[in-house]
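Peer 1: Read off the chains here:
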Amino acid sequence: MNIEKFYDDDLSGQIKAKNFQGKIFEILCLLAILLGISILLILLIDVTLDGIPWLRPQLFNSFPSRFPDQSGLRSALQGTLWMAILTAIIAFPIGVSAAIYLEEYASDNRFSRFIEINIANLAGVPSIIYGLLGLGLFVRGLGLNRSVLAGSLTMTLLILPTIIVTSREAIRAVPRSLRMASLALGATQWETIRYHVLPYAMPGILTGLILGMSRAIGETAPLITIGALTYIAFDLRGPMDIFTVLPIQIFNWISLPQKDFHDLAAAGILILLAILLSLNSIAIYLRNRLQHRW
Amino acid sequence: MQIHDHNISVNNLSVWYGSAQAIRDVNIQIPGRKITAIIGPSGCGKSTFLRAFNRMNELIANNAKTEGNIIIGDLNIYDPNLSPIEVRRRIGMVFQKPNPFPKTIYENIAWGARANKYKGDLNQLVEHSLQQAALWDEVKSKLLQSGLSLSGGQQQRLCIARAIAVHPEIILMDEPCSALDPIATYKIEELMRELSKNFTIIIVTHNMQQAARVSDYTAFFTLDENNVGILVEHGPTEVIFKNPKDVRTNGYISGRYG
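These protein sequence lines are chains R and A, in that order.
Position in the first sequence (first residue = 1) + 23 = our numbering.
Position in the second sequence (first residue = 1) + 1023 = our numbering.
I should point out that these hints are in silico values taken from the structure, not numbers from a laboratory.
Beta carbons are placed, not taken as given, at the ideal position from N, Cα and C, and that holds for glycine.
Take these hints with a grain of salt, some might be off.
Here are some of the chain R residues that sit facing chain A, going by a computed Cβ distance under 10 Å [as the list claims (entries may be wrong)]:
#, residue
1, Ala196
2, Leu201
3, Arg202
4, Ser205
5, Gly209
6, Ala210
7, Thr211
8, Glu214
9, Tyr218
10, Leu221
11, Tyr223
12, Met225
13, Pro226
Here are the simulated distance ranges between beta carbons [unchecked claim]:
#, chain 1, residue 1, chain 2, residue 2, range
14, A, Glu1217, R, Asn144, 54 to 62 Å
15, A, Asp1204, R, Asn303, 28 to 36 Å
16, R, Ile277, A, Ser1172, 35 to 43 Å
17, R, Ser304, A, Asn1249, 31 to 39 Å
18, A, Pro1103, R, Arg136, 47 to 55 Å
19, A, Asp1097, R, Asn144, 49 to 57 Å
Every beta carbon over 10 Å from chain A, so not counted as near; a handful from chain R, in silico [as the list claims (entries may be wrong)]:
#, residue
20, Pro116
21, Ser130
22, Phe134
23, Leu145
24, Arg195
25, His219
26, Ile255
27, Phe274
28, Arg312
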């Protein structure tokens, strides 16, 4: 069979045509990324221009007011801080313990696989559903009312799946040879987990916690559902106080008609972004440290 | 329970992983304070046999099942009343790949001792163990550096020192030199000769020259027609290498297969 005649003689012309197709694809990909980046940039520039003039001590020291130049984020910042810390305190031990159980103790049977699949599914549940759950369970069921504690518990439910999944990954990344080394010395499983597995998994676990916290800080819907949408003009003094948070305050200001409030909202967005970015940088730093170790 | 200086007797030992049998009916007497080498082709159950001594098989696979027993002195390793933790405390292990803890050199030695409630002076123990593992002179000035900063051969000697520090009666070694260069291998072999004065050593090796060089006794394993590991023969290393009784041993040792 003469296969030669079925191939083109003009090899270089053929390759040129193919390279042209490749080039077009490359340009399309570049356009896609430019689109994403430029939209983000426009947003950032717009927000920065609007918000910068309002970034002044007043913004941090004052409670919200019906006069834009007397308005501040004091109560919203306090609420966000309280909620983030309470959520971390509650979610961390529960999430890590669940991850340890699933990775180190649970045997691989139908029941544990069922739990695993459902945790992965829970991470994808819309946040407003958690809000409804929080409203029924914490606000009304446990009678916590619209307290920051009820908000934190709701956020705990929201970020637990993330924390469990990332903690499990971190625990799984601890080399088996390390566990074997410990057990072969006559250490118990508890000692092995406590002194070897957990310390080495900790940067990864903390990364998950921080990513979960930054999600909790940015969430609005579940907190509106449990009734945090309130005008608050006093300091937050304890976990049972009613509260508001940054995204809700920003939402509040944007929904007001005056232009000044919109600019104030832009300043609030800048602060929220700064908090989220710094949390994410800490997470990245921790992740890099983890990679260095192994 | 002191089991020092006692010989080991393995009786009808069989191990399964799920429904797959790994080794069948192994019977062997292993003399105390000697080096016994386990040799044989890949997949013949050498490592499974070795892990049977510190009940590590049940750790690596939760469907592992062991029948028969291993008696060391008066101690039955598979006594249902005996905790595997105690077995592992008394029978140390050195692994194929050096696996120091990502802690300081000092802490690598001290951790196991502390976990086992060592009441003596930890500094002395660390020095003594490192000296016994022929590593002290190389690391005495950097005890607080990470164990991972050492070379592969040093890491493996650190792992040996770590095992020695909890004062085991037997040291199991699973191809301890397979990840090391010839010079590091030589040092470990020298160390093994030295350690055999105080410890019973059982070593799995792929390297027949190593078995011939270092061991006092050799056991040859192979696969039977059902791909189950069996012990073919065992005896003084010289006899196994010069006058093997079994044709399969002879074939393996002379390099016809393996």
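Peer 1: Now tell me if each hint is right for this structure.
Peer 2: Each hint, compared with the structure:
Given the 10 Å rule on beta carbons, the hint for R/Ala196 is violated: about 13 Å separates it from the nearest Cβ of chain A. With 10 Å as the threshold, the beta carbon of R/Leu201 comes within range of chain A, its nearest partner Cβ sitting at about 6 Å, so the hint holds. Hint on R/Arg202 holds. Least Cβ distance to chain A is approximately 8 Å, under the 10 Å limit. A cut of 10 Å between beta carbons decides the hint on R/Ser205: the least distance to chain A is about 8 Å, and the hint holds.
Annotation: R/Gly209 was flagged as interfacial toward chain A, and the flag holds, the nearest CB pair being 3 Å apart, inside 10 Å. Checking R/Ala210 against chain A: minimum C-beta separation of about 5 Å stays under 10 Å; hint holds. Interface restraint check for R/Thr211: the shortest CB-CB distance to chain A comes to about 6 Å, inside 10 Å, so the restraint holds. Of the supplied interface hints, the one on R/Glu214 holds, with its beta-carbon coming within about 5 Å of a beta-carbon of chain A, less than 10 Å.
For R/Tyr218, the shortest C-beta to C-beta distance to chain A is roughly 7 Å, which falls under 10 Å, so the interface hint holds. Violation of the interface hint for R/Leu221 is found here, the shortest Cβ-Cβ separation to chain A being roughly 13 Å, above the 10 Å cut-off. Annotation: R/Tyr223 was flagged as interfacial toward chain A, and the flag holds, the nearest CB pair being 7 Å apart, inside 10 Å. Taking 10 Å as the C-beta cut-off, the interface hint given for R/Met225 is violated, the closest approach to chain A being about 12 Å.
Given hint, R/Pro226 at the interface with chain A, is violated; its Cβ is 12 Å from that chain's nearest Cβ, farther than 10 Å. Roughly 58 Å separates the CB atoms of A/Glu1217 and R/Asn144, a value that falls within the hinted 54 to 62 Å. Between A/Asp1204 and R/Asn303 the Cβ separation comes to about 44 Å, which falls outside the hinted range of 28 to 36 Å. Evaluation of the 35 to 43 Å hint for R/Ile277 and A/Ser1172 yields a failure: the beta carbon distance comes to about 55 Å.
For R/Ser304 paired with A/Asn1249, a C-beta distance near 59 Å fails the hint of 31 to 39 Å. Here the CB-CB span from A/Pro1103 to R/Arg136 is close to 31 Å, at odds with the stated 47 to 55 Å. Taking 49 to 57 Å as the suggested C-beta distance range, the pair A/Asp1097 and R/Asn144 conforms, at roughly 55 Å. Under the 10 Å C-beta cut-off, the non-interface status given to R/Pro116 relative to chain A holds; the minimum distance is some 24 Å.
Remark: the non-interface label on R/Ser130 conflicts with the geometry, its nearest Cβ contact in chain A lying 6 Å away (cut-off 10 Å). With 10 Å as the threshold on Cβ separation, the claim that R/Phe134 sits away from chain A holds: the shortest Cβ distance comes to roughly 15 Å. Remark: the non-interface label on R/Leu145 is consistent with the geometry, its nearest Cβ contact in chain A lying 27 Å away (cut-off 10 Å). No Cβ of chain A comes within 10 Å of the Cβ of R/Arg195; the nearest lies about 16 Å off, and the non-interface call holds.
Under the 10 Å C-beta cut-off, the non-interface status given to R/His219 relative to chain A is violated; the minimum distance is some 7 Å. With a least CB separation of 48 Å from chain A, R/Ile255 remains clear of the 10 Å interface cut-off, as annotated. With a minimum CB-CB distance of about 47 Å to chain A, R/Phe274 clears the 10 Å threshold, and the non-interface call stands. No Cβ of chain A approaches the Cβ of R/Arg312 within 10 Å, the least distance being about 12 Å, so the stated non-interface status holds.
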